[in-house]
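J.: First to last, the protein sequences are chains E and R. Our numbering numbers the first residue of the first sequence as 1 and each following residue consecutively. Our numbering numbers the first residue of the second sequence as 1 and each following residue consecutively.
Hints are computed from structural coordinates only; laboratory data are not their basis. For glycine and all other residues, C-beta sits at the position ideal for the given N, C-alpha and C. Hints are supplied without guarantee of correctness; some may be wrong.
[Claimed, not checked] Partial list, computed: chain E residues near chain R (C-beta under 8 Å):
#	residue
1	E23
2	L24
3	K35
4	E66
5	N70
6	W71
7	V520
[Claimed, not checked] SDA-like mimics (lysine to any residue), calculated; alpha carbons at most 20 Å apart, straight line:
#	chain 1	residue 1	chain 2	residue 2
8	E	K328	E	T298
9	R	K66	E	R22
10	E	K38	R	Q46
11	E	K328	E	A161
12	R	K66	E	L20
13	R	K66	E	A25
14	R	K62	E	F11
15	E	K870	E	L802
16	E	K251	E	D222
17	E	K38	R	S41
18	R	K89	E	G5
19	R	K62	E	K303
20	E	K38	R	G32
21	E	K839	E	G615
22	R	K66	E	Q69
23	E	K303	E	T168
24	R	K66	E	R17
25	E	K519	E	K839
26	R	K62	E	Q69
27	E	K38	R	R77
28	E	K129	E	R432
29	E	K129	E	T298
30	E	K328	E	E175
31	R	K62	E	T168
32	E	K538	E	E175
33	E	K251	E	D731
34	E	K553	E	D731
35	E	K38	R	G50
36	R	K66	E	F11
37	R	K66	E	Q30
38	R	K62	E	R17
39	R	K89	R	L60
40	R	K62	E	G5
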Amino acid sequence: MSLLGETWRRFIFLLRRRRLDRELAEEMRQHAALKAHKNVAAGMDPQEAQYAAQRQLGNIARQQEESRQNWGFPFIESVVQDIHYGLRGLRQAPGFSAVAMLTLALGIGSCAAIFSIVNAVLLRPLPYKESSRMVHVWTVGSLFPEFQMGQSVPNMNDIKALSHSFETTTIYEPELKSLTGSGEPEQLSVAAVSSGFFAFFGVHPVQGREFVGADEEMKNGDIVLLSYGLWQRRFAGDANIVGSRIILDQKPYTVAGVLPAGFVYPQKTDAWVPLVIEAKWLAERMHWSYFMLAKLRTGVSLKSAQSEMDGIAARIARQYPEEASGIKFPLMTLQDAAVGQGKAELFVLTGAVGFLLLIACANVSNLALSRGLKRQREVAIRAALGASRARIVRQLLLESLLLAFTGGLAGSALAAMGVGAFRVLAPTGFPRLEELKVEPATALIACAITAFAGVLCGLAPALSSSRANLNLALKEKIAAATAQRFSLRSFLVVTEVALSLILLTGSALMVQSMVRLLKVDTGLRIDHVLTASLNLPKGRYATPDAYWLFARKLLDALRAQPQFSAIALSNTTVMKGGTSLMGLDRSTLAALGLKDETLNLQSRSVSPGFFETLGMRLVRGRSFDDRDVKGATQVIIINDSVARRFFPGQNPIGRIFKLGLEPSDQFEIVGQVPDTRDVSLHALAHLQVYFPLLQDSSNGRNFLTILVHTASESSVSVASLRNALASVDKDQPLGKVQTITEAIAESVSQPRFRAWLLSAFAFAGLALTLIGIYGVISYSVGQRTQEMGIRMALGAPQSNVLRLILRQGVVLALVGAACGLAGSFFLMRLLASQLYGIKPGDLPTLAGAAALILIVALAAAYIPARRATKVDPMIALRYE
Amino acid sequence: MVRSANKNELLPGTLEMLILQTLIRCRMHGYGIAQRIQQISDDVLQVEEGSLYPALQRLLVKGWVKAEWGTSDNNRRARYYTLTPAGRKQLGTEAENFNRVIAAIARVMRTA
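Take the sequences, apply the hints, and build the full model.
T.: So this is what it looks like as structure tokens:
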């Protein structure tokens, strides 16, 4: 209570300071008067009495000051005083303050933005209970070693029976279903899940019930659980949704419940249905369709669980050599699976942004150092007046913290904008983007970095200024007192040059890799070709005949549209990464004399018109036509790679190719087309065979891609596409319509985004370096004014002086560039996996970046150098 | 600081106690307080102005004395200090402590 009262009184005193000051002064005057009065009474001469009283009282100003120290909060006040002083100082040097603040805002802002993205995407655990123990159990087989596949039922049962690492497991199978009924038909992403699925994630429906074992046996008819988002969007949050019916893939489903907001596992899922495994797959070891999740027992490490999986895989492989040879069950934490490709990207960005922050700090240190040197005299005077070194250092540190804080504030705003921009600009499919938001964490991170940058930037100049030799400084021999400090400034500049060169090479490599990727010749006509995908309801075209009928009707409807000059259908997407692979069985390989190899072919089933639509000319033979249907000779078209690999130096047309396990899987090669990249820009042309869509019955019958060549890509064309489809099946939703050019742009959105971001960082770094070099050189020009005057008075031509100054900048830049090149050489290897068509040590790129840095350095040194040549010798000599 | 006439410093904190004690009967101004201490101690204790005013500010901040302007006997404006109830209580504790210390010192001086 008394402490509270005291604080309150101190506060009041603080507010009344002026009055109290006046009163104290008057009180002491009265005191002196009374003393003088007493002296007079004792018999002194009045004048003498007054002097005596004043003598006895001593230094009144000092006593007042000591009294005053008892008011208010002296420590805090001195800090406030320092802050005032610092603010005044910053106001007095607006150029310095603005540049330093901008520099810091840039460094802190980009750092905070990237770190909060890293935090949101990589570090923060997934929003499920005990998510750190959740793993995917993949299958990798020798047939398609580069693919992670789901599990087959028998393998999964073996894993469950033999392993001890897992507490629980669950499975799901993602699929697409079209929702029809009221409103536009819509494609939903649906997951068929086993009954323990929601318990595995620890989520419960907010309405209705979850699935039970009986649902998997179809005892309750078709039921569905809705995501919160779908419930809100499509059913306006209808409170009576449970028990109502919705139409999925033309079949009625009863809504059993709604899941809580935010739960969308596995991926932006709109609805969940019970997983009903068809009887024929129960014993099929090679039907790897079910994604298996497991929760590790507490205390079981990923590593030990993995070694157990390796043992089980080896056992299964031994037991079933035909179906499971070389099988592996790699485990992957759910977090890693969710982040996937984003990880490498974010590490690169984090590194880049860390460099940028370092450059920013070096720059501010440098600026503060030159400012500290300019203020040497002021510091010396303060020290001479009795300010302790601690107080001076405190004041200088406070000043830089002030700078860092304001910079940090601006930086936080920048970070918030950056995170917002990232959400909008991030490439499609960037992981966990829906969870990313601007958070208080961003501000906290920014503040932590701010404090760090503040101390880092403040310490060097503060220490060096306070150590200044008083005597020399007061005599204004600053040049002498500071000569030894030039090395620190040079060191900072060299560091800046090196770091920004590394940033520059990184971004140059990324940009070039991007450019090279976009220049890749796909071998396809990509302009004026529209594509759209159809996800056909499961079971709607159950038999091959129904499927062919639909395809044929669709082809006729599309051909009837006059503005389409060529049309085609394909069973996989073009330039959107979709592909299907088929393994060559051993007998085929043996027949071709390729005994010990595993080879797989890319396959695509296409309608007549496919090659014409995509502008692929035939090398040999003929294209598919309307006669290549069921019942006619089974035919295929191959690409150059297949011809080279299997029929070197021969004409493959008319040859029979065995593809598949059945004796009837014999195909006559009727045509040969050039190699193309129709999967994605990255994917090199592969061994590729084309089947006639209307003949091949091995396809899954739930997907089609439409391709049309049209003179204009206007909305009229899109409408014609829609009309053609609606005339065949009005309930079939049409996927996104885009041109192949757009599809390509989308497929490279990730590397393009990275290249852009890195370039932005690199140019920010370059700008900061420019400022840094300029600062150092102009400071040194300022110091050497007299020397320049003497040189010119003695007859040195201007060009000599110019060269002298420029050389200083160039030497710094050269040393920095050498360090930067060495650093790039080592660091760029980390980028190798993200580069396309360019090596991390690409000499022209390194040389170009170094040249750019040198030019910038020269430009930065030129301005102060010009100033030096304009020195009037007379003025320079009169300088001191 | 309070000094005895032979320039020995007293125990720290004593000045505050002496000021509070001086104010126990009536309000006084700074000069008066100094005079009073000197008088009562027969000029043994001399209060330096340099410590009197800082000490008074401390007491004000602690809330042990109050200050108000008034007119002195010879018609001058003066700032008068009054003891507050909290100050009276504080004086009690300090006097008790002081007496204990003095008694202890006296015991040591008698026996040693």
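J.: Would you mind marking each hint as holding or not holding in the structure?
T.: Going down the list of hints, with the structure as the test:
no.	hint	result
1	E23	holds (7 Å)
2	L24	holds (7 Å)
3	K35	holds (7 Å)
4	E66	holds (4 Å)
5	N70	holds (4 Å)
6	W71	holds (6 Å)
7	V520	violated (80 Å)
8	E/K328 to E/T298	violated (24 Å)
9	R/K66 to E/R22	holds (17 Å)
10	E/K38 to R/Q46	holds (16 Å)
11	E/K328 to E/A161	holds (17 Å)
12	R/K66 to E/L20	holds (13 Å)
13	R/K66 to E/A25	holds (18 Å)
14	R/K62 to E/F11	holds (12 Å)
15	E/K870 to E/L802	holds (10 Å)
16	E/K251 to E/D222	holds (8 Å)
17	E/K38 to R/S41	holds (19 Å)
18	R/K89 to E/G5	holds (15 Å)
19	R/K62 to E/K303	violated (66 Å)
20	E/K38 to R/G32	holds (12 Å)
21	E/K839 to E/G615	violated (32 Å)
22	R/K66 to E/Q69	holds (18 Å)
23	E/K303 to E/T168	holds (18 Å)
24	R/K66 to E/R17	holds (16 Å)
25	E/K519 to E/K839	holds (17 Å)
26	R/K62 to E/Q69	holds (14 Å)
27	E/K38 to R/R77	holds (17 Å)
28	E/K129 to E/R432	holds (17 Å)
29	E/K129 to E/T298	holds (13 Å)
30	E/K328 to E/E175	violated (25 Å)
31	R/K62 to E/T168	violated (68 Å)
32	E/K538 to E/E175	holds (9 Å)
33	E/K251 to E/D731	holds (12 Å)
34	E/K553 to E/D731	holds (15 Å)
35	E/K38 to R/G50	holds (19 Å)
36	R/K66 to E/F11	holds (16 Å)
37	R/K66 to E/Q30	holds (19 Å)
38	R/K62 to E/R17	holds (16 Å)
39	R/K89 to R/L60	holds (15 Å)
40	R/K62 to E/G5	holds (8 Å)
Of the numbered hints stated above, those contradicted by the structure are hints 7, 8, 19, 21, 30, 31, listed in ascending order.
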